[in-house]
Amino acid sequence: MRNYTGAPSSGLSIRLSSRILPLAITAFTATCAAGRGVAALAQALAMRKSGLIYNDFGAPPLACWIGRVTGIEQMALPTAFSHFDSREHRLAWLGLNQDGFIDRARAVCERYGAARVALLLGTSTSSIGETERAYRELDTDGRFAPEQRRSRVHQTHALGAFVQAVLGTNGPCLTIATACSSSAKVFASAERLLRAGIVDAAIVGGVDALCASVLYGFNALELVSPEPCRPFDANRRGLSLGEAAGFAILESTTVDKSAPCLIGYGESSDAHHMSAPHPQGLGAQLAIDAALVRAGLAPGAVDYVNLHGTASRQNDVVEAVLISRLFPATTLASSTKAWSGHTLGAAGILETVITLLALERGFVPGNLNAQTLDPACGPQIVIDNRERALRVALSNSFGFGGNNCCLAFAAAPA
Amino acid sequence: MNAPLKIFVEGIGVWAQGLPGWEASRYILCGKMDNATISAARPTPDILPPAERRRAPESVLLALDVAQQACAMAQRDPRDLPNVFASAYGDLAINDYLCATLARDPGAVSPTRFHNSVHNAAAGYWCIATGCMRSSTALSAGSASFGAGLLEAALLAHTESAAVLFVASDVAATGPLRDVIDCTAAFGVALVLTPQSVRAIARLRLTPRSGNAPELAPEAAVLHAAYRTNPAARSLPLLHALARKQPGALTLAAAAGLMLDTEILPWTK
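Note that the protein sequences, when read in sequence, are chains Z and U.
Counting from 1, one number per residue, gives the positions in the first sequence under our numbering.
Counting from 1001, one number per residue, gives the positions in the second sequence under our numbering.
These are calculated hints, taken from the structure and not from any lab test.
Some hints could be false.
What the hints assert, rightly or not - Pulled a few chain U residues facing chain Z out of the computed Cβ check, cut under 7 Å:
hint	residue
1	Ala1024
2	Tyr1089
3	Ala1093
4	Leu1102
5	Val1109
6	Cys1127
7	Met1133
8	Ser1135
9	Ser1140
10	Val1198
All figures in this text were calculated on a predicted structure; none of them were measured in a lab.
Where a beta carbon is used, it is the ideal one built from N, C-alpha and C, also for glycine.
Whole structure, please, built from the sequences with the hints as guidance.
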């Protein structure tokens, strides 16, 4: 469906929001095909080792490459949570258990009181993979088998409900599902809850597990590459799908002055098309502009942008043109999806964690798998990794429905 | 927990079987009109052109219909309103289609139905139809989705100093999903919420508080059945209070273990 009303009159004149106070990111972790936890992920980034493998998921598997987290089939949730069992929740559990995150999160609940801690998670498909399985295993009357009659699993908020049960938070608890911007937007909701004083800390994150819906769905849209994805390459052939789980804790900077910070965010809509980006990237630009205004920064202050960069033909050309229009040559930019695949509702948190690692360790990950950059790319978009001290970085996440989010982060004080 | 979050209600939209729009529903909710004979076939948001209205899934029609009602009542241009769409289950008919097709013939999945399966499909169609480029959020909090979305939208209105469109809607489960999803009828509600207003019909004072909200049936007996058919129908006690134009207080579920105390103060119009 296209916009019926012509160019939106509000357009780029939309009033931008005002500056926010930075929030400390006092813990963070991510798990994807390229690594479990931040040390493994940082090493894969430094070694330029992709987690993509030839697709062995689904029956019959499509001829493509995927970012599959190994070992999920052999896992079991602890007995107390076994009624929540699904690939999504196993991946969530695996992610929560990296980098001591589960203990950090429970300690935050202990410190402030569980009612003063929000839990905001993003996903695009939640446990639909388990619902798919229930449909494959219907009984002879065409009904859910008894062991699949688990209401709490077969719905969108399954993820929020499961992680809330694990961590014991008792404040606001939402599952945000705006497709591929979901786990970026959780940071914006968290900032509002903290600013209003409704909570003292927010646990944010996102999880999306591989499932048939997204593999066959993106395939039906002709967006899946037959080879490992090559973001921003002139000859890219589409995206590779992946799965990931990631989490972070946001608190006031007064409790931790040595943590990296969320310094801005911008949320916007394309008002253009359900599955194609705005041709001039106007919605994405609004999100980037708003993130910079909230951070109180000019584009020249941005050292690195982690791009949405799905490696679809349309997304990458629009985003490349936008980056070269908005930023000077001193801002470097790349998509890291050739390491992980496009992890959909978990992309926001995974790429936030990658951005925080880049800030912490002083490097810019390049565009893995790209050989010849698309001619639309400006000098900002780099193929090779670079060593460089970074102060400020952005992370872009754009989703179906024309849903955009840009997050701005600052490195921990030296 | 905190000082109450004060928010004005400028516009209301509602659609369910027996509740065809806010104007008629006000009388029904006050017991001044019998709704037993009212049967609206399908919500018909004319913000969508006729061809799109025929093609759009019921979940999208429902959400857009109530959203349009609320914006019209508030006399607000939808392009200016950041929006929050709450739905416990998303499009259950499309989920049923996707899971059934994947079990039978995965290669036959329709690309359009796939991109319409995202939880933010209604929000996306709304932004496209109205030309709205503001922030748009789609969320779920299970059976507490109405209260959780109301808190999120009220907070957005305050922190952005802007009028915000809030929509809560769900459609009935179809196919085998009926075994696990207790949602048997469509229900949609929308509110335009503002931190400041000259034409509000009511002011709400929202206070989050620990604990599980009691299951309170709406006072009007005619609504008892509807209340249990859909998570968005948890809004009925609030709609009832707004229709009566009398001060009131009620408690909404906002999450597992979190309530939202809601005071309603009628405002002049």
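Is the hint on Ser1140 (chain U) kept, meaning its closest Cβ partner in chain Z is under 7 Å away?
For Ser1140 (chain U), the interface hint holds, since the closest Cβ of chain Z sits about 4 Å away, which is under 7 Å.
Taking the closest Cβ pair, is Cys1127 (chain U) under 7 Å from chain Z?
holds, 4 Å
Please verify that hint: Ala1093 (chain U), Cβ, nearest Cβ of chain Z, below 7 Å or not.
Given a least distance of 13 Å, the restraint on Ala1093 (chain U) is violated.
Supplied contact hint for Val1109 (chain U), tested at 7 Å Cβ to chain Z:
Interface hint status for Val1109 (chain U): holds (5 Å vs cutoff 7 Å).
Classify the hint on Leu1102 (chain U) as holds or violated, based on whether any CB of chain Z lies nearer than 7 Å to its CB.
Hint on Leu1102 (chain U): holds, closest Cβ of chain Z at ~5 Å, below 7 Å.
Under 7 Å, Cβ to Cβ, is where Ala1024 (chain U) needs to be relative to chain Z, so tell me if that hint holds or is violated.
violated, 28 Å
Grab the minimum C-beta distance from Val1198 (chain U) to chain Z and call the hint holds if it beats 7 Å, violated otherwise.
violated, 19 Å
Does Ser1135 (chain U) hold up as a contact with chain Z if the rule is Cβ-Cβ below 7 Å?
holds, 4 Å
Would you settle whether the hint for Tyr1089 (chain U) is holds or violated, based on the nearest Cβ-Cβ distance to chain Z being less than 7 Å?
At 6 Å from the nearest chain Z Cβ, Tyr1089 (chain U) passes the 7 Å test, so the hint holds.
Closest C-beta approach of Met1133 (chain U) to chain Z relative to 7 Å, hint status
holds, 5 Å
Violation of the numbered hints given earlier is confined to hints 1, 3 and 10; the remaining hints are satisfied by the structure.
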